[in-house]
Amino acid sequence: MELNSNILQRGVDALSALPGVGKRSALRYALHLVKMSDAEAMDFVDAVRRLKTDIKYCRRCHCISDEELCPICSSPKRQQNLICVVENIQDVMAIENTQQYRGLYHVLGGVISPIDGIGIRDLNIESLLQRVAHPESEKVEEVILALPTTMEGDTTNFYLNKQLKPLGVKVSAIARGIAIGDNLEYADEVTLGRSILHRIPFEQ
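Per our numbering, the very first residue in the sequence shown carries number 1; after that it's consecutive.
Keep in mind that the hints were calculated from the coordinates and are not lab data.
A couple of the hints might just be wrong.
Said to hold, decoys possible - The calculated BS3-like cross-link candidates involving lysine-lysine, where the alpha carbons are at most 27 Å apart (straight line), are:
hint, residue 1, residue 2
1, K56, K77
2, K165, K139
3, K56, K162
4, K52, K23
5, K139, K77
6, K35, K23
7, K56, K35
8, K77, K170
9, K139, K170
10, K56, K23
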């Protein structure tokens, strides 16, 4: 795509680097930004800047947060004895949208995948085990494994179950209403909500 402006070209290239944004969409977005008022453009730039400079990760569950402790972890209305383990932050949002789950979360930041160079130490596994092993901070009674129904997700599930069982905590997995190979963020809310409600002991 040949453009008459190097500045516009650079903007299109930057926008097209975003997931799911092609060159045509990037050009449309860039031209829209050009037409913005100075105030609107500065608000946009500031919002993007703050995503990098101000956003935090919850020190307990590793979800995105504005504070050291996210609103879910700090809410007295959540079940403090229940932790749902997910792959990423999008999965937290997907489960929250079902309005069927009232416990806490733990974001692993991925799944075990040797082919992609992702090992146990690359994930937030140790902090999960510490949460379960230290009842003075959290009296965890059940851990729900809500990872993708893929080979990598199942491998991670088996590893976590092996590590959690000696700690005396109940380990369950979401019911397989989620299609094999699907990610949680793409599941419809009714199916995902039912999978959480009808979870099963992991061994089954």
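To see whether the hints hold, each was checked on the structure:
1. Restraint check: the Cα-Cα separation between K56 and K77 comes to about 22 Å, which is no more than 27 Å; the hinted pair holds.
2. Annotation: proposed proximity of K165 to K139 holds, straight-line Cα distance about 15 Å (limit 27 Å).
3. At most 27 Å may separate the alpha-carbon atoms for a hinted pair to count; K56 and K162 exceed this at roughly 31 Å.
4. Taking the CA atoms of K52 and K23, the gap is near 24 Å; set against the 27 Å cutoff, the hint holds.
5. A distance of roughly 15 Å separates the Cα atoms of K139 and K77; the hinted pair therefore holds under the 27 Å criterion.
6. The straight-line distance between the Cα atoms of K35 and K23 is roughly 19 Å, inside the 27 Å bound, and the hint therefore holds.
7. At most 27 Å may separate the alpha-carbon atoms for a hinted pair to count; K56 and K35 exceed this at roughly 32 Å.
8. This hinted pair checks out: K77 and K170 have alpha carbons roughly 22 Å apart, not beyond 27 Å.
9. Our distance criterion of 27 Å between C-alpha atoms is met by K139 and K170, whose separation comes to about 12 Å.
10. Between the alpha carbons of K56 and K23 the distance comes to roughly 31 Å, so the proposed pair goes past 27 Å and is violated.
The structure fails hints 3, 7, 10 (numbered hints given earlier, in ascending order).
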